[in-house]
Structures are given as structure tokens and as C-alpha cells.
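Undergrad: So the chains spell out like this:
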Amino acid sequence: DAKTTQPNSMESNEEEPVHLPCNHSTISGTDYIHWYRQLPSQGPEYVIHGLTSNVNNRMASLAIAEDRKSSTLILHRATLRDAAVYYCILSYSGAGSYQLTFGKGTKLSVIP
Amino acid sequence: DARVTQTPRHKVTEMGQEVTMRCQPILGHNTVFWYRQTMMQGLELLAYFRNRAPLDDSGMPKDRFSAEMPDATLATLKIQPSEPRDSAVYFCASRISGANVLTFGAGSRLTVL
Chain A
926 DAKTTQPNSM
936 ESNEEEPVHL
946 PCNHSTISGT
956 DYIHWYRQLP
966 SQGPEYVIHG
976 LTSNVNNRMA
986 SLAIAEDRKS
996 STLILHRATL
1006 RDAAVYYCIL
1016 SYSGAGSYQL
1026 TFGKGTKLSV
1036 IP
Chain B
2 DARVTQTPRH
12 KVTEMGQEVT
22 MRCQPILGHN
32 TVFWYRQTMM
42 QGLELLAYFR
52 NRAPLDDSGM
62 PKDRFSAEMP
72 DATLATLKIQ
82 PSEPRDSAVY
92 FCASRISGAN
102 VLTFGAGSRL
112 TVL
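Chain order of the listed sequences is A and B. The numbering of the first sequence is my numbering, which starts it at 926 and goes up by one. The numbering of the second sequence is my numbering, which starts it at 2 and goes up by one.
Hints in this document: simulated from the structure, not taken from any laboratory. Treat the hints with care, as some may be off.
[Unchecked claim] Here are some of the chain B residues that sit facing chain A, going by a computed Cβ distance under 7 Å:
#, residue
1, 27
2, 43
3, 44
4, 92
5, 101
6, 108
[As the list claims (entries may be wrong)] Sample of chain B residues with no beta-carbon within 10 Å of chain A, all distances over it, derived:
#, residue
7, 17
8, 32
9, 58
10, 61
11, 65
12, 96
13, 98
14, 114
Note that CB positions come from ideal geometry on N, CA and C, so glycine has one too.
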């Protein structure tokens, strides 16, 4: 499985933008880039995903490097509720297989 | 919002006892996953099913764990006999085949004494 590398932890001030980086230098052409987050005592929650182009939804934006070897999850205005562990995951979806393998993620702390 | 429902939310049992965890996937979702989360190992994929058929259970200790889908609305994960090292939070997740979004349940926290 292609691997991702994320910082162990990051801090942000409330109401400031947050850029969470992810490196995936061994990504293959069919791998999607997914982001999930896990709030304390809850199950992981889908945030966003993309293949090649930048993506926006109501929760966040995903910026994908042109060579696809890295990506950045952007929270436009951090709130206290955004404090969570954020996972960057590559998935392969082909030959009937679909799996998400979670790494350690980035623990985001939001400072009031 | 549609939810994945897991029961029980908490379970404390003694070593050697049988434990069964249940999951009701979102209606219409035909792919179901079981994950286990511990502080040491993080989130690990144990098994997954599509259209009730097991596709991959290579992450599951075969001697004591078993996973089934008796019908499309119920997935079960059974541990027999349970051991203290099985203490973890077990998550179920579901998706529609072809979709890129996995929806997780709230988890079942298992403590084996």
C-alpha cells in the first residue's frame, strides 16, 4: 500500500485558517487521496477526497500538488470543534478492492 | 442523517468469555468494514464484506475472531474466547460500492479483564 506522512501534531488559533500537510511520494495514478478526522470518543468522519484537481466542500478544501506527491487539507476558519486527529489516506479502487489503511494522523489542537 | 449503528457501546467482560458486537449498516450500503482501534496500533482493518460476502479478513486473528453478515442489515464480529489484549474500540463502517465515502459508527468499547 502507498504510504502517507503527516506531522504528529499541529496547533492553530481559533478562527484562523489551518493547513494540514500530507506527503505521499509513492502514490500511484489510481490512488485517491482521502481525509478523515476523528473527534474525541467518536468514530472517524469523512472530510474530503480528490484524485488530481483541488476540491472544495462545506467542511474543507483539498489542495493537491501537480505531481500528486503531496496534498494539503485546508480548514478555512478553525473552530474549537475542529480539534481532532486528521488522517490522510490513499485508497486503491480497482479489481474489486477498496480499502482505507489509516496511519497515525495529525492531532490538531485549536487554541481559543 | 443516516447512521451506522453499533451495539453494545460499552462491554466489560472477563477473559475467556464470548463477545459479540453488532453493526447495522446504513440502509442500501452493500460494503461493510470492521476496524479495531488501540492506542498502540491505531486503527486496523480487521475484515470487510461486499454484498454480505467476506472479501478480506486477513487483518483478523482467525483462531478467535469471526465476522459474518447474516443479512444485509446486520454484521457481527464475535470473539471467542476473549483475551485482555482484545481490549479496544471496535468500529464498523459502511459504504455503497463505488462511492468514496465511508461512514463509521460510534464504536463498541470492549474491555476484557
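Undergrad: Confirm or reject each hint.
TA: Now the hints, each set against the structure:
Violation of the interface hint for residue 27 (chain B) is found here, the shortest Cβ-Cβ separation to chain A being roughly 13 Å, above the 7 Å cut-off. The interface hint given for residue 43 (chain B) is met, as the beta carbon of that residue sits about 6 Å from the closest beta carbon of chain A, less than 7 Å. The interface hint given for residue 44 (chain B) is met, as the beta carbon of that residue sits about 4 Å from the closest beta carbon of chain A, less than 7 Å. With its C-beta approaching chain A no nearer than about 5 Å, residue 92 (chain B) sits inside the 7 Å limit, and its interface hint holds.
The beta carbon of residue 101 (chain B) is positioned within 7 Å of a beta carbon in chain A (closest approach about 5 Å), and the interface hint is therefore held. Residue-level restraint check for residue 108 (chain B) holds (minimum Cβ-Cβ distance to chain A is 5 Å; threshold 7 Å). Residue-level check passed: residue 17 (chain B) sits 28 Å from the nearest beta carbon of chain A, beyond 10 Å. Non-interface status of residue 32 (chain B) relative to chain A is broken: a Cβ of that chain comes within 10 Å, the nearest being about 7 Å off.
Taking the minimum C-beta to C-beta distance to chain A, about 12 Å, the non-interface status of residue 58 (chain B) holds against the 10 Å cut. Under the 10 Å C-beta cut-off, the non-interface status given to residue 61 (chain B) relative to chain A holds; the minimum distance is some 14 Å. Every CB of chain A lies more than 10 Å from the CB of residue 65 (chain B), the least distance being 23 Å, so the non-interface label holds. Not every CB of chain A is more than 10 Å from the CB of residue 96 (chain B) (nearest about 8 Å), against its label as outside the interface.
The non-interface label for residue 98 (chain B) is inconsistent with chain A: the shortest C-beta to C-beta separation is roughly 8 Å, within 10 Å. For residue 114 (chain B), the condition that its CB be more than 10 Å from all CB atoms of chain A holds, with the nearest at approximately 21 Å.
In this structure, the hints that do not hold are numbers 1, 8, 12 and 13, in rising order.
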